[in-house]
Amino acid sequence: MTENERTLLSGCKRGEKPAWPAFVQQYSPLVYHTIKRTLSLYHTNARPDIVEDLFQDFFLSVLRDDYKKLRQFRGDRGCTLASWLRMVAARLTIDHLREQKTVTVAVSEEIPANDPAPDDSLIGQEEEKLLSAVLDSLS
31 MTENERTLLS
41 GCKRGEKPAW
51 PAFVQQYSPL
61 VYHTIKRTLS
71 LYHTNARPDI
81 VEDLFQDFFL
91 SVLRDDYKKL
101 RQFRGDRGCT
111 LASWLRMVAA
121 RLTIDHLREQ
131 KTVTVAVSEE
141 IPANDPAPDD
151 SLIGQEEEKL
161 LSAVLDSLS
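For reference, each letter of the sequence shown is one residue, going 31 to 169 in the numbering used here.
Fair warning: there could be bad hints in the mix.
Label-pair distances were calculated between CB atoms; the ranges are [said to hold, decoys possible]:
{"#": "1", "residue 1": "98", "residue 2": "59", "range": "33 to 39 Å"}
{"#": "2", "residue 1": "117", "residue 2": "86", "range": "14 to 20 Å"}
{"#": "3", "residue 1": "86", "residue 2": "151", "range": "55 to 61 Å"}
{"#": "4", "residue 1": "127", "residue 2": "93", "range": "20 to 26 Å"}
Below, in silico cross-link-like pairs of lysine to aspartate or glutamate (EDC-like), each with a Cα-Cα straight-line distance of 20 Å or less [to be verified]:
{"#": "5", "residue 1": "99", "residue 2": "125"}
{"#": "6", "residue 1": "47", "residue 2": "83"}
{"#": "7", "residue 1": "66", "residue 2": "46"}
{"#": "8", "residue 1": "66", "residue 2": "87"}
{"#": "9", "residue 1": "43", "residue 2": "33"}
{"#": "10", "residue 1": "43", "residue 2": "82"}
{"#": "11", "residue 1": "99", "residue 2": "87"}
{"#": "12", "residue 1": "99", "residue 2": "83"}
{"#": "13", "residue 1": "98", "residue 2": "79"}
None of these hints come from the bench; they were simulated from the model. Virtual Cβ for every residue (Gly too), placed ideally from N, Cα, C.
From just these sequences and the hints, can you work out the full model?
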């Protein structure tokens, strides 16, 4: 991790006012590109409004609960802050796509069925009884 990254990260964690805008300015292009790329990989039409919404959600999620998510960054095993932010942005985007995968089916007012309607079935049984009774009465 570079000294600039370390300074931004520690400044955000301590709540220093100039640190957050500098953090957002430095990583906005990376986050925006990651969200757009992830959407285009998993979704055919990456609408600009969806990209913008996810972009805002990303930075809100990092900021939420006194930078809780940002505090989770450890930087071990050669993981840079930029690669970690890319992973978080991609996961946020994939989670959004999973939520959107609900299948909706339009239901018509009448659902066609292969079985006769209950009324037709009862009428058929009554007709069979009457026919059977008439046949039994014949000589």
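Quick rundown of the hints versus the structure:
no.	hint	in the structure
1	98 to 59: 33 to 39 Å	violated, 24 Å
2	117 to 86: 14 to 20 Å	holds, 19 Å
3	86 to 151: 55 to 61 Å	holds, 58 Å
4	127 to 93: 20 to 26 Å	holds, 23 Å
5	99 to 125	holds, 16 Å
6	47 to 83	violated, 24 Å
7	66 to 46	violated, 30 Å
8	66 to 87	holds, 14 Å
9	43 to 33	holds, 15 Å
10	43 to 82	violated, 25 Å
11	99 to 87	holds, 13 Å
12	99 to 83	holds, 19 Å
13	98 to 79	violated, 27 Å
Hint compliance for this structure: hints 1, 6, 7, 10, 13 are broken, all remaining hints hold.
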